[in-house]
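*Asks:* For reference, the chains in residue letters:
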Amino acid sequence: MLLIKHARIMSGSGPAIDRGSVLVEGERVAAVGVSIPEPPGAVVLDAAGCTITPGLIDAHAHAGIWEEGFGREGVDVNESTDPVTPHLRALDAINPEDTGLGRALEGGVTAIWCAPGSSNIIGGQGVAMRTYGSSVDEMVLRHPCGVKAALGENPKRSYGSRQKSPATRMASAAILRETLVKAARYLEKQQGDKAPDRDLGMEALGRVLMRQEYLRVHAHRVDDILTALRLAREFNIRIVIEHATEAHKIADLLAREEVPVIIGPTLGIRGKVETRERSFATPGVCARAGVQVAIMTDHPIIPLQFLAICAGLAWAAGLPEEDALAAVTINPARILGIDQDFGSLEVGKVADLAIFGGHPFEPRTPVEATVVAGRVVYCREGGLLSC
Amino acid sequence: MLAIINAKVATPAGDFSRHVVLVENGKILEVGDIRVPAGAAVLDSHDGYLVPGLVDIHTQVGLREEGLGAEGMDHNEATAAATPQLRAIDGINPEDLAFADALAAGVTTVACAPGSGNVLGGQGVVLRTAGQAIDDMIIGPWGMKAALGEEPKSGRPGQSPATRMATAAVLREQLAKAREYENKRGDEKPPDRHLGYEALLPVLNREVPLWVQANRADDILTALRLAREFQVRLVILQAAEAHRVADRLREAGAACVLGPLSGFRYRVEQRGLDPAAPARLLEAGVPVALSTGHPATGIGALPVMAGLAIRFGLSEAEALKCVTLYPAQMASLQHRVGSIAPGLDANLVLLRGRPFYLHSTPNMVMIEGKIAYGQCQADPPLA
Numbered sequence: 002m003l004l005i006k007h008a009r010i011m012s013g014s015g016p017a018i019d020r021g022s023v024l025v026e027g028e029r030v031a032a033v034g035v036s037i038p039e040p041p042g043a044v045v046l047d048a049a050g051c052t053i054t055p056g057l058i059d060a061h062a063h064a065g066i067w068e069e070g071f072g073r074e075g076v077d078v079n080e081s082t083d084p085v086t087p088h089l090r091a092l093d094a095i096n097p098e099d100t101g102l103g104r105a106l107e108g109g110v111t112a113i114w115c116a117p118g119s120s121n122i123i124g125g126q127g128v129a130m131r132t133y134g135s136s137v138d139e140m141v142l143r144h145p146c147g148v149k150a151a152l153g154e155n156p157k158r159s160y161g162s163r164q165k166s167p168a169t170r171m172a173s174a175a176i177l178r179e180t181l182v183k184a185a186r187y188l189e190k191q192q193g194d195k196a197p198d199r200d201l202g203m204e205a206l207g208r209v210l211m212r213q214e215y216l217r218v219h220a221h222r223v224d225d226i227l228t229a230l231r232l233a234r235e236f237n238i239r240i241v242i243e244h245a246t247e248a249h250k251i252a253d254l255l256a257r258e259e260v261p262v263i264i265g266p267t268l269g270i271r272g273k274v275e276t277r278e279r280s281f282a283t284p285g286v287c288a289r290a291g292v293q294v295a296i297m298t299d300h301p302i303i304p305l306q307f308l309a310i311c312a313g314l315a316w317a318a319g320l321p322e323e324d325a326l327a328a329v330t331i332n333p334a335r336i337l338g339i340d341q342d343f344g345s346l347e348v349g350k351v352a353d354l355a356i357f358g359g360h361p362f363e364p365r366t367p368v369e370a371t372v373v374a375g376r377v378v379y380c381r382e383g384g385l386l387s388c
Numbered sequence: 047m048l049a050i051i052n053a054k055v056a057t058p059a060g061d062f063s064r065h066v067v068l069v070e071n072g073k074i075l076e077v078g079d080i081r082v083p084a085g086a087a088v089l090d091s092h093d094g095y096l097v098p099g100l101v102d103i104h105t106q107v108g109l110r111e112e113g114l115g116a117e118g119m120d121h122n123e124a125t126a127a128a129t130p131q132l133r134a135i136d137g138i139n140p141e142d143l144a145f146a147d148a149l150a151a152g153v154t155t156v157a158c159a160p161g162s163g164n165v166l167g168g169q170g171v172v173l174r175t176a177g178q179a180i181d182d183m184i185i186g187p188w189g190m191k192a193a194l195g196e197e198p199k200s201g202r203p204g205q206s207p208a209t210r211m212a213t214a215a216v217l218r219e220q221l222a223k224a225r226e227y228e229n230k231r232g233d234e235k236p237p238d239r240h241l242g243y244e245a246l247l248p249v250l251n252r253e254v255p256l257w258v259q260a261n262r263a264d265d266i267l268t269a270l271r272l273a274r275e276f277q278v279r280l281v282i283l284q285a286a287e288a289h290r291v292a293d294r295l296r297e298a299g300a301a302c303v304l305g306p307l308s309g310f311r312y313r314v315e316q317r318g319l320d321p322a323a324p325a326r327l328l329e330a331g332v333p334v335a336l337s338t339g340h341p342a343t344g345i346g347a348l349p350v351m352a353g354l355a356i357r358f359g360l361s362e363a364e365a366l367k368c369v370t371l372y373p374a375q376m377a378s379l380q381h382r383v384g385s386i387a388p389g390l391d392a393n394l395v396l397l398r399g400r401p402f403y404l405h406s407t408p409n410m411v412m413i414e415g416k417i418a419y420g421q422c423q424a425d426p427p428l429a
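Top to bottom, those sequences are chains A and B. Here the first sequence is numbered in my numbering, starting from 2 and rising by one per residue. Here the second sequence is numbered in my numbering, starting from 47 and rising by one per residue.
Check before you lean on any hint, since a few could be wrong.
[What the hints assert, rightly or not] Here are the simulated SDA-like pairs of lysine to any residue, each with C-alpha atoms no more than 20 Å apart in a straight line:
| # | chain 1 | residue 1 | chain 2 | residue 2 |
| --- | --- | --- | --- | --- |
| 1 | A | 250 | B | 199 |
| 2 | B | 199 | A | 72 |
| 3 | A | 190 | A | 236 |
[As the list claims (entries may be wrong)] What follows is a set of in silico ranges between Cβ atoms, one per label pair, in the way DEER data are often shown:
| # | chain 1 | residue 1 | chain 2 | residue 2 | range |
| --- | --- | --- | --- | --- | --- |
| 4 | A | 165 | B | 233 | 56 to 66 Å |
| 5 | B | 209 | A | 382 | 52 to 62 Å |
| 6 | B | 206 | A | 278 | 38 to 48 Å |
| 7 | A | 191 | B | 405 | 49 to 59 Å |
| 8 | B | 90 | A | 254 | 17 to 27 Å |
| 9 | A | 15 | B | 362 | 27 to 37 Å |
| 10 | B | 398 | A | 20 | 21 to 31 Å |
| 11 | B | 421 | A | 278 | 17 to 27 Å |
| 12 | B | 209 | A | 162 | 49 to 59 Å |
| 13 | B | 405 | A | 212 | 38 to 48 Å |
Don't read these hints as lab results, they were simulated from the structure. By construction, the Cβ of each residue, glycine as well, lies at the ideal position given by its N, Cα and C atoms.
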């Protein structure tokens with residue numbers, strides 16, 4: 002048993018506790034409260050001056066399939082040979098030894114959605130996974146998890162520049178629509194008397210059409226977001242808007258249609274025309290309108306370990322503190338379908354937590370320790386905790 | 047005359063003192079526990095923190111424009127290995143969105159220089175971040191941009207340099223030829239004008255530094271070798287592994303511009319990047335400036351870089367100097383920008399709280415005595 006005491010607790014479930022304790026038993030949270038009696042034999046961490054949050058979750062990253070420090074050799078993120086590759090699985094390209102994953106723990110990030118890139122209209126299947134571990138199969142939290150799609154500049158630059166389709170937004174939407182029609186037909190046949198030949202890509206899209214999985218659509222500009230919404234209505238599928246740079250312009254609509262947004266990466270520059278309107282105020286506007294908001298690093302664009310700062314910059318631009326925390330904990334957990342076990346510090350949930358040496362969102366605040374499934378997997382050298 | 051009152055003013059010692067700052071004709075006239083002179087307009091800072099305008103001494107603000115995609119890219123003339131004749135000022139658009147970001151973050155001075163695709167990229171410039179025309183924004187020359195390591199050898203397939211050997215050879219040859227050019231200029235029959243060699247003369251005469259992008263320790267040592275050979279002033283850019291050769295950098299009198307500390311290690315040569323490097327280099331006696339490396343991260347994130355440096359071991363006072371005084375000294379502009387002292391440009395930033403916290407954003411940014419950002423209004427003098 003592990004008792005962490007004297008810390009400020011931002012559990013993500015109810016108001017913050019100024020000075021409280023978290024008790025961990027095995028892999029799970031056993032108690033959270035102002036005063037928890039010390040069980041005999043428990044390992045005790047005095048975390049005075051620290052703040053405990055749930056382990057942070059980044060709902061959109063490419064760690065492990067875009068490895069740091071390897072140049073070209075470390076990039077396995079975009080199979081730009083065919084704009085439609087729903088059969089691909091990020092899982093098959095993830096190197097658990099990517100040092101970017103290890104550094105994520107130094108930033109309190111314990112889980113991510115790792116997905117293919119955005120050069121294809123349909124890039125493939127993502128995976129919800131831990132950042133800690135040595136075998137990717139043991140790091141999986143949910144697989145398959147979501148199918149990645151992309152609209153806007155990236156696919157048309159990737160293919161249009163080689164005189165291939167899509168070269169326009171019209172073709173991008175047409176390819177997505179056509180593929181979903183084909184998948185619907187495949188699904189019909191599957192449910193008929195004579196099963197079709199197996200098509201692994203169509204099977205992946207079948208789960209989207211049956212509303213078991215989100216279609217995770219990369220879209221920055223309002224017109225691209227609207228195209229995604231149009232397709233979602235047409236096929237009665239559940240979608241998430243990824244990046245969502247201009248979401249603040251149609252926040253009410255997104256709230257009404259109950260479409261979550263994952264906003265970012267916002268710390269970098271506006272490299273593209275479609276990111277021209279990028280602002281840290283967008284998460285606040287969307288949250289106020291009732292949209293479910295998550296914040297992404299899009300690792301490697303911003304390294305995972307700085308996810309808390311990204312939430313902080315949105316906080317400084319008007320997103321309330323509790324919404325900023327939700328944007329990197331419970332909301333991504335819900336989008337990934339792992340919220341029954343992750344995303345908040347509640348009795349019975351898996352004990353993934355981050356212990357910060359100050360306010361969790363301030364750039365100057367170090368992570369003192371990171372706990373995954375009840376085990377301290379990172380402890381800052383020379384830090385506040387002796388663990 | 048303008049008197050800024052009720053401010054906690056950053057002192058050269060690195061702490062904050064309640065001082066009055068007098069501004070006249072765009073310059074700081076006086077700082078201290080002084081009476082507001084009769085006839086001075088008064089700006090009440092309401093207990094805010096007054097810091098020098100921040101300085102980012104290595105960026106491509108205006109040169110690699112935001113929000114325009116490929117059309118906004120004027121930072122790498124990737125057509126030759128050495129292009130010392132190029133001048134950043136000919137490619138900078140003052141309407142780049144990044145200038146407004148800079149002001150909103152309290153960055154009043156940026157150096158803008160060509161990219162690192164070429165061994166010799168061209169001449170940089172130090173600018174104030176407010177202005178309509180580039181010619182009116184110039185504070186002074188920056189120096190010459192050079193690059194070693196992966197970038198110059200990988201940008202133009204099939205052409206030299208393709209190895210680190212050739213990269214060093216190109217740089218050495220350019221410097222040697224420039225010196226020869228200078229020597230021959232006094233001859234009876236002087237050589238034809240060569241704008242590239244002319245641009246290298248201020249470097250050879252130690253008027254401006256050679257700013258060399260070098261990440262791996264071996265590349266940094268190559269830069270030191272060349273600097274010794276030609277007796278030039280040296281600043282290392284990016285400098286991922288500088289802390290491994292800190293003693294040699296100190297002995298050579300070289301400085302380092304580090305950043306962005308939030309950057310991803312895209313290239314093999316960036317593996318050694320250590321966010322604790324600023325603290326370690328300063329401890330070893332090597333001057334350090336923190337930078338966004340814009341567009342590596344946005345210029346608006348310069349205060350975040352300082353916050354990160356604090357997280358990784360730097361004191362708050364040193365972090366402030368790494369984005370004000372030290373970069374100013376690297377460009378020999380400490381008599382103009384980088385601190386709050388009499389005689390310097392009145393580049394002042396009034397913050398809502400202690401520097402480098404997320405909510406400590408500027409209320410007011412002043413450049414050379416004029417309010418360039420914010421709502422603050424000075425009260426007219428009492429009748």
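*Asks:* A separate judgement is required for each hint: does it hold in the structure or not?
*Replies:* Structure-based check of each hint:
Under the criterion of a C-alpha separation no larger than 20 Å, the hint pairing residue 250 (chain A) with residue 199 (chain B) is inconsistent with the structure, at around 44 Å. Pair hint residue 199 (chain B) plus residue 72 (chain A) holds up; C-alpha atoms about 14 Å apart against a cutoff of 20 Å. Restraint check for residue 190 (chain A) and residue 236 (chain A): the C-alpha separation of about 17 Å stays at or below 20 Å, so the hint holds. For residue 165 (chain A) and residue 233 (chain B), the hinted distance range of 56 to 66 Å is satisfied, since their beta carbons lie about 59 Å from each other.
Residue 209 (chain B) and residue 382 (chain A) have their C-beta atoms about 38 Å apart, which leaves the hinted 52 to 62 Å range violated. Checked against the given bound of 38 to 48 Å, the beta carbons of residue 206 (chain B) and residue 278 (chain A), roughly 42 Å apart, stay inside it. Judged by the Cβ atoms, the range 49 to 59 Å given for residue 191 (chain A) and residue 405 (chain B) holds: they are separated by roughly 55 Å. At roughly 44 Å, the beta-carbon separation of residue 90 (chain B) and residue 254 (chain A) lies outside the given 17 to 27 Å, and the hint is violated.
Taking 27 to 37 Å as the suggested C-beta distance range, the pair residue 15 (chain A) and residue 362 (chain B) conforms, at roughly 34 Å. A beta carbon spacing of about 28 Å between residue 398 (chain B) and residue 20 (chain A) agrees with the range 21 to 31 Å that was offered as a hint. Hint check: residue 421 (chain B) to residue 278 (chain A), Cβ distance near 23 Å, so the stated range 17 to 27 Å holds. For residue 209 (chain B) and residue 162 (chain A), the Cβ-Cβ distance of about 30 Å falls outside the hinted range of 49 to 59 Å, so the restraint is violated.
Between residue 405 (chain B) and residue 212 (chain A) the Cβ separation comes to about 41 Å, which falls inside the hinted range of 38 to 48 Å.
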